[in-house]
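Our numbering numbers the first residue of the sequence shown as 91 and each following residue consecutively.
Source of the hints: derived by calculation from the structure; they are not laboratory data.
It is possible that some hints are incorrect.
Below are the DSSO-like pairs computed for lysine-lysine, each with C-alpha atoms no more than 27 Å apart in a straight line [said to hold, decoys possible]:
#: 1; residue 1: K181; residue 2: K210
#: 2; residue 1: K143; residue 2: K238
#: 3; residue 1: K97; residue 2: K181
#: 4; residue 1: K238; residue 2: K208
#: 5; residue 1: K254; residue 2: K226
#: 6; residue 1: K210; residue 2: K161
#: 7; residue 1: K226; residue 2: K215
Okay, the calculated beta carbon distance ranges per label pair [claimed, not checked]:
#: 8; residue 1: D227; residue 2: P127; range: 42 to 48 Å
#: 9; residue 1: Y256; residue 2: L165; range: 29 to 35 Å
#: 10; residue 1: K215; residue 2: G118; range: 27 to 33 Å
#: 11; residue 1: R251; residue 2: V95; range: 31 to 37 Å
#: 12; residue 1: K208; residue 2: K229; range: 34 to 40 Å
#: 13; residue 1: D227; residue 2: K154; range: 26 to 32 Å
#: 14; residue 1: K250; residue 2: M214; range: 17 to 23 Å
C-beta: ideal position from N, C-alpha, C; glycine also.
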Amino acid sequence: PKHPVQKLFIQNLEKLSETKINHIGIDGCGLPAPSLPLERFAYALTKFADPTKLEGIDKKAAIKVFECCVKYPVLFGGSESVNSILTKSSKKRVLVKNGADGVFSAIIPDEKMVVVVKIKDGNMKAAEIAIAGLLKDLKILDNEEVKKLITQPIMNSAGKRSGKMYWLEE
């Protein structure tokens, strides 16, 4: 990254994850797409779920970022994105955000917990179903929006339904 904001993003992610980032890709959103072990990414997000792990300006920033994202979810995902739908349906309790190539995360401060999903082949529809299903099974979210997301149609090239992907119920 060459832009100062992109450099600052990487520096802060390294600080939060306590990991040196050596490889950075581009996913098209404007921010760098760092290669980071999933557990280090989840560790970084725990600091948003429990800002008491941070101090000073970092703590204030983590709280402000979470509050702004849950207050205005369409600004980081658009009105039809799974990010926005799940975040909005949580009534400001959960921040759900997708990443590049099959990654989805949920920050849940009430539980001081995060959920991170990575679908190995990068399938975003599978990641959407997985994050919604996990939030339902963990009893974090259970509403009509979640129920719609945990079963999704598979359409063929002619636009006809040819199957479905779904979360396995217990």
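Structure-inconsistent hints, enumerated in ascending order:
1, 2, 3, 6, 8, 10, 11, 12
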